[in-house]
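Protein chains in written order, with this note's numbering: chain A, 9 to 586; chain B, 434 to 612.
These are calculated hints, taken from the structure and not from any lab test.
Please read all numbers here as calculations on a predicted model, not as lab measurements.
Note that the Cβ used here is the ideal one computed from N, Cα and C, for glycine as well.
Mixed in with the good hints, there may be bad ones.
[What the hints assert, rightly or not] Non-contacting residues of chain B with respect to chain A, defined by C-beta distances greater than 10 Å in every case (computed):
| # | residue |
| --- | --- |
| 1 | M434 |
| 2 | D443 |
| 3 | G447 |
| 4 | S454 |
| 5 | L504 |
| 6 | P529 |
| 7 | R531 |
| 8 | S533 |
| 9 | Q537 |
| 10 | R543 |
| 11 | N545 |
| 12 | D551 |
| 13 | D570 |
| 14 | T583 |
| 15 | G584 |
| 16 | R590 |
[Claimed, not checked] Restraint ranges, calculated between C-beta atoms of paired labels, are given here:
| # | chain 1 | residue 1 | chain 2 | residue 2 | range |
| --- | --- | --- | --- | --- | --- |
| 17 | B | G460 | A | V348 | 42 to 48 Å |
| 18 | B | T530 | A | K303 | 58 to 64 Å |
| 19 | A | L302 | B | P474 | 42 to 48 Å |
[Unchecked claim] Pairs of lysine to aspartate or glutamate, DMTMM-like flavour, derived with a Cα cap of 20 Å:
| # | chain 1 | residue 1 | chain 2 | residue 2 |
| --- | --- | --- | --- | --- |
| 20 | A | K323 | B | E487 |
| 21 | A | K362 | A | D245 |
| 22 | B | K499 | B | E579 |
| 23 | A | K301 | A | E283 |
| 24 | A | K323 | B | E579 |
| 25 | B | K499 | A | D317 |
| 26 | A | K303 | B | D486 |
| 27 | A | K218 | A | D285 |
| 28 | A | K323 | B | D552 |
| 29 | A | K218 | A | D245 |
| 30 | A | K541 | A | D416 |
| 31 | A | K323 | A | E304 |
| 32 | A | K549 | A | E535 |
| 33 | B | K564 | B | E579 |
| 34 | A | K323 | B | E495 |
| 35 | A | K474 | A | D176 |
| 36 | A | K549 | A | D317 |
| 37 | A | K218 | A | D350 |
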Amino acid sequence: MSIAPAGPQTGAQLIWESLTREGVDIVFGYPGGAILPTYDAMTEYTIRHVLVRHEQSAVHMADGYARASGRVGVVVATSGPGATNLVTGLATAMLDSTPLVAITGQVGSGLLGTDAFQEVDITGITRPVTKHTYLVTRAEDIVPAIREAFAVARSGRPGPVLVDITKDAQQSRATLDWEAAAPQRHLRHLPAPLDQIALAQALDLIRSAKRPIILAGHGIQLSGARAEVLALAERADIPFAITLLGLGAVPATHPLSLGMMGMHGESWVNRAIQEADLLLALGMRFDDRVTGKLKEYAPHAKKIHIDIDASELNKLVPVDVAIAADLGDVLRALLPQVPVADRSEWLGSIREWKGDSAVRDIKNLPDDGHLYAAHVMHDLWRLTKGEAVVVTDVGQHQMWEAQYYKHDGERSLITSGGAGTMGFALPAAIGAKLARPEAEVWVVAGDGGFQMTFAELMTAVQEDVKVNIAIINNGYLGMVRQWQALFYEGRYAATPILSPDFVKLADAFGVHGQRVEARSELATAVEAARTVKGTALIEFKVEQEDSVYPMVPAGAALHDMIRRPAPSVLAETGQDPV
Amino acid sequence: MSHVLVVYTDDEPGVLTRVASLFRRRGFNIHSLTVGPTERPDVSRMTVVVDTDEATARRAVEHLRKLVNVLEVQQLGIGRANVVRDLALIRVNAGPTRRSEVLQLVEVFRANVVDIADDSLVIECTGSLGKIEALVDTLRPFGIIELGRTGAVAMARGTRTPVKAAIAPLRTGGGAMSV
Ligand SMILES: Cc1ncc(C[n+]2csc(CCOP(=O)(O)OP(=O)(O)O)c2C)c(N)n1
Ligand SMILES: [Mg+2]
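Isolated chain B (complex conformation) (with noise of 0.2 Å):
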C-alpha cells in the first residue's frame, strides 16, 4: 500500500542524503521523493510516497523524526482527505492518422498538449497518481516513447497549523552544514 510522507526539513545541503539513505538503510521502498522550498526561506519541504505496510509507515516516520535536520513529518494517505498530486511528460506516438483519437484521450484527461512533432505528441498531465497511471495506461496501446513523473507533492485538506517556528535551523551566518 502507498503512504504518503511529507518531511519538513532544514534548507540544508545533505539533508536529502540523510533522508534518503535512511530509506535504504532501513529497507523501506521509496515509490517518490520530490523536495522543495516552502514558504519559510529556511525550511524545505519533501514528499515521499513510500510502498509499504501501516507498520512500516510509522515506524518510518519516527526514524524521520529522529534526524536533527527534520522540523516536522506528517503521515498522509493517498484518499481523498489530502492533495496528491503528481506531473507526467508523456511523448506518445501519434501519426497522422491516430492523432485524433489521442486528442481526444487528452481531452477526456483534461491533460494538454505541449510539443507536436510529425509522428509523436507531448502530453503533459497533472493530477493524482491513479489519474496519471490512468492516462498512462490508456495511452499505452499507441506506443509511449519517452515518460517522465515529478512524483507526487501532496498536501492536506482544510486548514493547518504551520510549521513549528520555534525551533530554527543552526545558523549563525553561512551555518556549519549537518553534512
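For reference, chain A alone in the conformation it holds in the complex (with noise of 0.2 Å):
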C-alpha cells in the first residue's frame, strides 16, 4: 500500500489510492484521452494493470477475476467508445450478480453535454444494467465516490458499479481525507432482523414434506453457504437439485446431489421438482431456463423461497413462505431445529427414475467412432480429475460441459448464465487464472464464441497467464442450429460458420496448438496441454450435428422433454462408462 502524501493529490492519484485501499491488486482496462490523466498517475502504484484488446473483455476478466476469488472485479477504461464497449460485460455481470467497479473517464466537465469529442452519456446508457452509477465531476468527490461503488458492488445482492471521472476531475487537486469518506447509504436497505414467523413456517413445511427437494442457487456461492446447505440437506434427508450456476457451489458428486435441473438438465431432476411436495430454493430466481412453463411449474409443491433479493421473491413462482435476507444467517438460525428424517422411499423413487433415464450416459452415444463433445467434457473431468476451474462459453459446449463435467470445488464453474453471453469465456478464464494462479484453468469455447474475442489470446500472451483452452468446433453456431433443426424445420440460415485454422492460429499467437479428431487422442493432447508452459489451446473437431439432450423446449411445462433419439442400445446405466 502507498502512503498518502500529506496536503493535496490529484485526482488521478485518488482514484488509485481508493482502490489500493479497497484491497485491489489488479486492474483490466484500455487507455485512451479521457482516462490519460489516471494512466499517467498509475505507475506510482503497485497495483498490476492488464491491458486487454476490448473493453467488452476487460469486463469479463474482472468478472471472471471476480467469480474466481470472491473478490471485487476492476476495469478502467477511457470515454465514448471505450466506455460503450464495457455495456455487454455490465450486462453479463449485473445479470449473474458479479460485484465489479468499472471506472470511465469523461470530458471536461464544462464539455459535458456539448457532444464533445468522444462524449457519450455512459452513466445514462449503464444504467439499466449496473447496481448503480456515478457521475464525478470534483476531485474531492472521487474517494467518496470510490468507496460507496465498493460497498455498493458487494453488498446485498452483489453487482457492477460504474463511476464516470471527468479528466478535469482527475487533473485537479484534493486531500485524502479517508474516514470522512466512509460509505454508508449501501446500509440503508439491510435485511430486516430474521422474521421469526416465516422461519416457522418454513420449519412446518418440512418437517411435514414427504417429497421435498433443495434448489441450489447461484446464492449459495454468493453467500458462502455451502456448509450450511449441506448439512441441512444431510440433515433432512433432502436430495438438492442444482442450478447451470449453482454447479460448483454445492458438490456434484455428493450422494444427494441429483443434478443439474432445468432446459437441459437431467428428466430425473426435473421429474422429481415435478413431483416434489415441497422446494426448498435457495439462492436461486425461477429463471424461465429452470422453470419452464410456469402454470405448470411443480403443480405438487409448497414453495420456501430465501433470496437476499427481495424483489426476486413471489416474482414469477408465488410462495408459500417468502424470506429475504442472507441465505447463511436463515440456515443458521433453521439448522438446530429441523429434525433429522430419513427420506429413503423418495431417495430411491428419484433413483429408479435416473435408472430410465439416459442423459448421462455416453454409451448412449452413436457408436461411430466419432468424436463427440460429450466425450470431450467427460474425458476433460476424468483427466483433470474434475479439480480444474472451467470457464464456458455460451452455447451446446456450455450446456454439454454442465452435464458431463461434474464440479465438486466450489468457484469452479464459471459460465455467462443470465446473459448467455457469447465471448466470454477466454476473457473470463484469463481473470479467473490471474485471481487463482495455482488453479488449472480451462475454457471450454465453441467455434463460433470464440472468434468473438480470441484477441485476448495475445493479452494472456503478453501477460504470461496460462489457461488452457478447449474449443468444439462443430462448425456450426451449435445451439442455434439445434433450434433450427427442432423447431424451424431444419433450415439452417446464418448458422454454418468458418473458422481458421485454429493450430496455424495458436502459432501465430505464440502459444501451445493442437488437434484432435478422434477420442484416441484425446488424452495426450490434454496432457501435453496441461504439461506446456503457457497458453495451450486444443481444436477438437465433432460430430457436426449433435445435439443438446434432454430439452425442455422453451415454454413447454418442464417434465416435457425432448430425449436423445435412440440409436441402438438404451441402456442406461446410472453409471460413468470409463
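Could you use the hints to bring the two separately framed chains together as a complex?
As C-alpha cells, this is what we get:
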C-alpha cells in the first residue's frame, strides 16, 4: 500500500489511492484521452494493470477474476467508445450478480452535454445494467464515490457499479480524507432481522414434507453457505437439484446431489421437481430456463424461497414462505430445529427414474467412431480429476460441460448464465487464472464464441497467463442450429460458420496448438496442454450436427422433455462408463 | 387497482430518472408521479400512483428499496386511512347561457373559479382522485377545452416517525452525482 503524501493529491492519484486501500491488486483496462491522467499516475502504485484487446473483454476478465475469487473486479476505460464497449460486460455481470467497479474517463466537466469529442452519456447508457452509477466532476468527490461504489458492488445481492470521472476531476487536486468518505448509503436497506414467523412456517413445511427437494442456486456461492446447505440436506435427508450457476456451489458428486435442473437438466431431476411436495429454493430466482411453463411448474409443491433480493420473491413463482435475507444467516437459524429425517422412499423413487434416463450415459452416443463433445467434457473431467476451474462460453458446449463435467469444488465453474454472453470464456478465464494462479483453468468454448474474443490470446501471452483452451468445433453456431433443426424445420439460416485453422492461429499468437479428431487422441493432447508452459489451445473437431439432450422446449412444461432419439441400445446405467 | 407509493430520495440530479426508468423497465404502469422538496433540504419526496395488483405493487417497493438513492418507501392505500390529493385545472365551455349552471357545480364540488373569459371558465379543484374524476365527469357535457392535473401527493394520517436521519446523502460539498 502506498503512503498518501501529506497535502492535496491529483484526482488521478486519489483513484489509485482508493483502489489500493480497497485491496485491489489488479485492474483490467484500456487507455484513451479522457482517462490518460489516471494512466499517467498509475506507475506510482503497485496495482497491476492488464492491457486487454477490447474493453468488453476487460469486463469479462474482471468478472472471471471476481467469480473465481469472491473479490471485487475492477475495470478502467476511456470515455466514448471505450465506455460503450463495457456495456455487454456490465450486463453480463449484472445478470449473474458479479461485484465489479468500472471506472471510466469522461470529457472535461465544462464540455459535458455538448457532444464533445468522445463524449457519451455512459452513466445514462449503463443505468439499467448496473447497480448504481456515478458521475464525478470534482477531485474531492472521487474517494467518496469510489468507496461507496465498492460497498454497493459487494453488499446485498452483488453487482457492477460504474464511476465516470471527468478529465478535470482527475487533474485537479484534493486532500485525501479516507475516514470522512466512509460509505453509508449501502446500509439503508439491509435485510430486516430474520422473520421468526416465516422461519417457523418454513420448519413446519420441512417437517411435514414427504417429497422435498432443494433447488440450489448461485446465491449459495455468493453467501458462502455451502456448509449450511449441505448440513440441511444431510440432516433432513433432502436431495438437491442444481441450477447452472449453482454448479460447484454444492458438490456434484455428493450422494444427495441429483444434478442440473431445467431446460437441459437431467430428466430425473426435472421429474423430481414436478413430483415434489416441497421446493426449498435457496439463492436462485426461478429463471425461465429452469422452470419451463410456469403454469405447470412443480404443481404439487409447497414452496419456500430464500434470497437476499426481496424483489425476487413472488416474482414469477408465488411461494408459501418467502424470506429475504442472507442465506447463510437463515440456514444457521433454521438448522438446530430441523428434525433429522430419513427419506429413503422418496430418494428411492428418484433413483428409479434416474435408472430410465439416458442423458449421462456416454455409451448411448452413436457408436460410429466419431468424436462427440460429450466425450471431450467427460474425459476432460476425468483427466483433470474434476479439479479444474472451467470457464465456458455459451452454446451447446456450455450445456454439455454442465452435464458431463462434475463440479465438486466451489467457484469451479464460471459461465455466463443470465445473459448467455458469447465471447465470455477466454477473457473470463484469463481473469480467473490471475485471481487463482495455482488453479488449473480450462476454457471450453465453441467455434463461434471463441471467434468473438480470441484476440485476448495475445493478452494471455503478454501477461504470461496460462489457460488451457478446448475449442469445440462443430462448424456451426450449434445451439442455434439445434433450435433450427428442432423448431424451424432444419433451415440452417446463418448458422454454418467457418473457422480459421486454429492450430496455425495458436502458432501466430505464439501459444501451443493441437487438433484432435478422434477420442483416442484426446488424452495425450489434454496432457500435453496441461504440461506445456503458457497458454495451450486444443481444437476438438466434433460431430457437427449433434444436439443437446434432454431438452425442455422453450415454453413447455418441465416434464415435457425431448430425449435423444434412440440409437441402437439404450442401456441406461446411471453409472459413469470409464 | 391503484396503489400509492411515497418514496423518499436523496435530492440529487438523476434520481427522478432512476425511479422513472425502474418503473418503465419492470413494466409497472405509472398513473402519476410527483416530486418535490421536503422538510429536509437534502431529501426529496415522490408520490407515485401505480395501477397494478397488490403483489406487483409490493415488488415495486422492493425494487425501489434497491436504489442507492432511496431512503425509504411507504406503500399507502388510496382509502380514507391516508390523505391523497390531486389538483386539477379545468378550462370548460361556459357561455352566457350555461355559465350559472357551471358555477353551481363548482360550488357543489367546493372548487374555485380562477379565470373567466367570454365563453369559458378555468376551474381549480383540489381533492381526492375520486373527487376530481367526478368533477371532470360532471363538467364533460359542457365541453372540457383543457385539462391539467398535478398528479397525487399523499400522506398517511396520524403521526409518523420522520425519515431516518442517520444515513445522509453522499455529500462532500457539491457531491458526486448519482447520475
Ligand atoms: C453475443 C451473443 N450473440 C448471439 C448469441 C445467440 N447464441 C446463443 S448460442 C449461439 C451459438 C454458439 O455457437 P458456438 O460458439 O459455436 O457454440 P456451440 O453452440 O456450437 O457449442 C448463439 C449464436 C449469444 N448467446 N450471444
Ligand atoms: Mg459451434
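The hints, checked one at a time:
No beta-carbon of chain A is positioned within 10 Å of the beta-carbon of B:M434; the least distance is around 17 Å. B:D443, annotated as away from the interface, has a beta carbon of chain A within 10 Å; the closest lies near 8 Å. With a least beta-carbon separation of about 7 Å from chain A, B:G447 fails to lie farther than 10 Å from that chain, contradicting its non-interface assignment. Distance to chain A contradicts B:S454 as a non-interface residue, since its nearest Cβ pair spans about 6 Å, not more than 10 Å.
The beta carbon of B:L504 is not kept farther than 10 Å from every beta carbon of chain A, the shortest such distance being approximately 6 Å. Taking the minimum C-beta to C-beta distance to chain A, about 52 Å, the non-interface status of B:P529 holds against the 10 Å cut. For B:R531, the requirement that its beta carbon stay farther than 10 Å from each beta carbon of chain A is met, with the minimum near 50 Å. The claim that B:S533 lies off the interface holds: its Cβ sits roughly 54 Å from the closest Cβ of chain A, which is beyond the 10 Å cut-off.
With a minimum CB-CB distance of about 50 Å to chain A, B:Q537 clears the 10 Å threshold, and the non-interface call stands. Listed as a non-interface residue, B:R543 keeps its Cβ farther than 10 Å from every Cβ of chain A; the least gap is roughly 41 Å. Separation of B:N545 from chain A is adequate, the least Cβ-Cβ distance of about 41 Å exceeding the 10 Å criterion. B:D551, annotated as away from the interface, keeps every beta carbon of chain A farther than 10 Å; the closest lies near 45 Å.
At roughly 36 Å from the closest C-beta of chain A, the C-beta of B:D570 stays outside 10 Å, upholding its exclusion from the interface. In this structure B:T583 is separated from chain A by more than 10 Å, as the shortest Cβ-Cβ distance comes to about 27 Å. At the 10 Å boundary, the C-beta of B:G584 stays outside the reach of chain A, the nearest C-beta of that chain being 23 Å off. Every C-beta of chain A lies more than 10 Å from that of B:R590, the closest at about 25 Å, which supports listing it as non-interface.
A hinted range of 42 to 48 Å holds for the C-beta pair B:G460 and A:V348, which are about 45 Å apart. At roughly 60 Å, the beta-carbon separation of B:T530 and A:K303 lies within the given 58 to 64 Å, and the hint holds. Distance hint check for A:L302 and B:P474: the Cβ-Cβ separation is about 47 Å, which falls inside the suggested range of 42 to 48 Å. For the proposed pair A:K323 and B:E487, the alpha carbon gap of about 12 Å is at most 20 Å, so the pair holds.
Taking the CA atoms of A:K362 and A:D245, the gap is near 18 Å; set against the 20 Å cutoff, the hint holds. Taking the CA atoms of B:K499 and B:E579, the gap is about 39 Å. The hint is violated against a cut of 20 Å. Between A:K301 and A:E283, the direct Cα distance comes to roughly 15 Å. Compliance with the 20 Å bound is thereby established for this hinted pair. The suggested pairing of A:K323 with B:E579 is violated, with an alpha-carbon distance near 40 Å, which exceeds 20 Å.
Proximity of B:K499 to A:D317 is assessed by CA-CA distance (about 8 Å); at most 20 Å being required, the pair is judged to hold. For the proposed pair A:K303 and B:D486, the alpha carbon gap of about 19 Å is at most 20 Å, so the pair holds. Using a Cα cut-off of 20 Å, the hinted pair A:K218 and A:D285 holds, with the two alpha carbons roughly 7 Å apart. In summary, the hint linking A:K323 to B:D552 is not supported, as the alpha carbons are separated by about 53 Å, beyond the 20 Å threshold.
A C-alpha spacing of about 11 Å is found between A:K218 and A:D245, which places the hinted pair at or below 20 Å, so the restraint holds. Proposed proximity of A:K541 and A:D416 is contradicted: the alpha carbons are some 26 Å apart, above 20 Å. Taken as a hint, the A:K323 and A:E304 pair is honoured in the structure, with Cα atoms around 16 Å apart against an allowance of 20 Å. Simply put, A:K549 and A:E535 have alpha-carbon atoms about 18 Å apart, close enough for the 20 Å limit, and the pair holds.
For the hint pairing B:K564 with B:E579, the CA-to-CA distance comes to about 18 Å; that is within 20 Å, so the pair holds. Our distance criterion of 20 Å between C-alpha atoms is met by A:K323 and B:E495, whose separation comes to about 11 Å. Of the supplied pair hints, the one linking A:K474 and A:D176 is violated, its CA atoms being roughly 39 Å apart against a limit of 20 Å. Between the alpha carbons of A:K549 and A:D317 the distance comes to roughly 43 Å, so the proposed pair goes past 20 Å and is violated.
Of the pairs offered as hints, the one joining A:K218 and A:D350 holds, with about 10 Å between alpha carbons and a cut-off of 20 Å not exceeded.
Taken one by one, the earlier hints fail for this structure at numbers 2, 3, 4, 5, 22, 24, 28, 30, 35, 36, listed in ascending order.
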